[in-house]
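**Q** Line by line, the protein sequences give chains L and B. The opening position of the first sequence corresponds to residue 1 in this note's numbering, with each subsequent residue numbered one higher. The opening position of the second sequence corresponds to residue 110 in this note's numbering, with each subsequent residue numbered one higher.
One thing to keep in mind: the hints can contain errors.
Incomplete in silico selection of chain L near chain B, CB under 10 Å [unchecked claim]:
1. F29
2. N30
3. F33
4. E41
5. V50
6. G53
7. S61
8. M80
9. A84
10. Q96
11. W99
Because the hints were derived from the structure by calculation, they are not lab data. For glycine and all other residues, C-beta sits at the position ideal for the given N, C-alpha and C.
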Amino acid sequence: GQNIDQPTEMTATEGAIVQINCTYQTSGFNGLFWYQQHAGEAPTFLSYNVLDGLEEKGRFSSFLSRSKGYSYLLLKELQMKDSASYLCAVREGNYQLIWGAGTKLIIKP
Amino acid sequence: EPEVTQTPSHQVTQMGQEVILRCVPISNHLYFYWYRQILGQKVEFLVSFYNNEISEKSEIFDDQFSVERPDGSNFTLKIRSTKLEDSAMYFCASRVTGGKQYFGPGTRLTVT
Chain L
1 GQNIDQPTEM TATEGAIVQI NCTYQTSGFN GLFWYQQHAG EAPTFLSYNV LDGLEEKGRF
61 SSFLSRSKGY SYLLLKELQM KDSASYLCAV REGNYQLIWG AGTKLIIKP
Chain B
110 EPEVTQTPSH QVTQMGQEVI LRCVPISNHL YFYWYRQILG QKVEFLVSFY NNEISEKSEI
170 FDDQFSVERP DGSNFTLKIR STKLEDSAMY FCASRVTGGK QYFGPGTRLT VT
């Protein structure tokens, strides 16, 4: 079956670092995505990993271990505007994305 | 940066009515998608469209749903006879090749 797990909610402090984990069990794997979604808005793309390792893009980094079915999103120097839901999604084949339920990140001053 | 656009932003309809949700993907994109998100729940894949045909669809995408790309720019989702449980945010997305899907702002569908 398909299963993508991520924590429901996390809280962090402005200026700090937070790591959001995602574990997946899917019948196929053709890439893992992280999206940010503010309430009432569309998901916006953050990162894409298809090979093992770390992808860094500014304040955001994403890590993938295919053998462990595991990824994390690392957010550094947190800002209040980073308060949002962070969605982990796996592409099994060529097309469909399977989505996790999202992690709501609350940033406190 | 080019954007995916969707109209209308909010559609209210009565149960049993047909609705058509419209999307204009980014012009050089080749793969098109519809997703839905019921309030407070996760994003769910409905259908993907490539080379003028459905390439993949989920269990949600039953006979009540259909998609069209009528004129090379628009991409539409039709729900033939809406049900209360169809109330959700519907997102269109598109991509060239590779990974990144660009999402439109969504259409909020409310079925009463």
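**Q** Each hint needs a verdict: does it hold in this structure or not?
**A** Here's how the hints hold up against the structure:
no.: 1; hint: F29; verdict: violated (13 Å)
no.: 2; hint: N30; verdict: holds (9 Å)
no.: 3; hint: F33; verdict: holds (7 Å)
no.: 4; hint: E41; verdict: holds (7 Å)
no.: 5; hint: V50; verdict: holds (7 Å)
no.: 6; hint: G53; verdict: violated (15 Å)
no.: 7; hint: S61; verdict: violated (16 Å)
no.: 8; hint: M80; verdict: violated (23 Å)
no.: 9; hint: A84; verdict: violated (14 Å)
no.: 10; hint: Q96; verdict: holds (5 Å)
no.: 11; hint: W99; verdict: holds (4 Å)
Comparing the model with each numbered hint stated earlier shows that hints 1, 6, 7, 8, 9 do not hold.
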